Each structure stands twice: as structure tokens, then as C-alpha cells.
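Going by the working numbering, the sequence shown opens with residue -5, and the numbers climb by one from there.
Source of the hints: derived by calculation from the structure; they are not laboratory data. Quick caveat: nothing in here was measured; it's all calculated off a predicted structure. Incorrect hints may appear among the rest.
[Stated by the list, open to error] Label pairs and their calculated CB-CB ranges:
| id | residue 1 | residue 2 | range |
| --- | --- | --- | --- |
| 1 | Ile89 | Leu133 | 21 to 27 Å |
| 2 | His172 | Arg96 | 38 to 44 Å |
| 3 | Val0 | Ala99 | 17 to 23 Å |
| 4 | Arg217 | Asn187 | 42 to 48 Å |
| 5 | Ser195 | Arg82 | 33 to 39 Å |
[Said to hold, decoys possible] For lysine-lysine, the following DSSO-like pairs were computed, each having C-alpha atoms within a straight-line distance of at most 30 Å:
| id | residue 1 | residue 2 |
| --- | --- | --- |
| 6 | Lys100 | Lys88 |
| 7 | Lys100 | Lys52 |
| 8 | Lys208 | Lys52 |
| 9 | Lys88 | Lys111 |
| 10 | Lys111 | Lys100 |
| 11 | Lys208 | Lys111 |
Where a beta carbon is used, it is the ideal one built from N, C-alpha and C, also for glycine.
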Amino acid sequence: MLSPYVGITDSYAELVCEITNVLGAHRPQSTQDIVIRDLLADVFDALHEARRIILTGKCHTAYPLARRAFESLSLLVLCVLNPSVAARWHSGGKISNGEVRRELAKHPFGETQESTKAVYDFFCLGTHPNRALVPGRWLGDGNPFTLGSIGVPNLALVARFCMIHLRMWFWFTAVVLHHHRELVDEARPDVGNRYLGVARSAQDVQLELDHNWKRLLRDEELRHNPSPSV
């Protein structure tokens, strides 16, 4: 089920690596450029590592890392759109994710506050310990050892996590490539067309993930509330 998701996120990672190689041959031209390059690396590292954890089924461990990727990505996009924000952040100014979401919502090339808040709330749900998401391990009460990935993963949650993770790769790669398109087009003229192909495939994968997520939710509902025998 998750094989297409793995393949498409690998394709996005390869594109970002190519863009980074191009940038590595050119000195930053401004404070904004420095900030965007640093945030680019921060987002990539968090997104890339989060997938490994998601695929183990330990989503409760992936939440903080995925939230870090989302916060850095949101800030990166705002710094692309507003150089004064990049300068403020570079000088040590604190910019909350709430402020970033509000500012993105004001910009025609940003994102609605409803959509970014929905993703932020999803990550906050699992970043702070709560009884609903910290699983019962039954240590000493049927299970002698309960560290690591013990038990059956919640596949519906894994599919949902993959959908949001893929959306971040989609947003991340589009913003980075568009902002650096002149340098990239000159050094790697084929990257733009390859990006469009990856983006089209990503939409198909997202639809497939959504279908599987809804199917898994229905399966869970049936397991918990089986139809009475006739």
C-alpha cells in the first residue's frame, strides 16, 4: 500500500538534492537567501528522517519531528514571500507558528489559515503526551518486554500520516524550485519538467492514499462495531 508513497517521496528528495547541489555552487546574495538555504536543509532533514519512523508504525515518535518539519517549512515559505521576516528571524527574533500561519493567510501565494492550522493541530495532537495516543503496553500484565515497535500498528493512522507528509514534500519542493528557478534552469534545464512529472504522480499517490485511509477507517469501524448476526 505504501510503496508508491515511498517512491514519490524519494523522487521529491532527489529533486531537492539536485537543487541544493546547484545552490552549493553559488554564494548567497542576501540575508533572505542565507535564511532560505538554512531552512531548506532543516526541512529536508526533518522530512527525510520522519518517513523512516512513520514506516515503522511508531507514529507517536514521528509527531515531534514532523511538526518540526512543518514549522520550518511554513517559516521558509513566509521568508520566501517576505524578506523582512527573513531578516527578523535571522537576527534572532522569535516568530511563532501562529504568526507565520496568519501572515501566510494574508498573502495571495500563501495558504489559508484553516488548512495550515489543521495540519498544525494534527501534529500537536501527538507531540504532547496524551492517553489517547500513548498506547497501553501491558508491561508485566501479559507482556514481558514492551520497548520499541510492539504490537500491530494502526494502519489508518499511518496512511493519514503519509498523506500529510507527502503534502509537505509537495509544498516544500514547489516553493524551493520556484524561488531558485533561474539558477536551476541554467544549471539543470531538465529539472523543471521532471518536477512537473513528479508532482502529477504525487497527486495520483495522494488520491490512492486517501482511498486506502478511508477503507482502513471503515475496516476499523467494522472491527469495533460488528454487524449483529442475522
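Now for the hints, and whether the structure bears them out:
no.	hint	in the structure
1	Ile89 - Leu133: 21 to 27 Å	violated (41 Å)
2	His172 - Arg96: 38 to 44 Å	violated (22 Å)
3	Val0 - Ala99: 17 to 23 Å	violated (32 Å)
4	Arg217 - Asn187: 42 to 48 Å	holds (45 Å)
5	Ser195 - Arg82: 33 to 39 Å	holds (37 Å)
6	Lys100 - Lys88	holds (20 Å)
7	Lys100 - Lys52	violated (36 Å)
8	Lys208 - Lys52	holds (20 Å)
9	Lys88 - Lys111	holds (19 Å)
10	Lys111 - Lys100	holds (14 Å)
11	Lys208 - Lys111	holds (22 Å)
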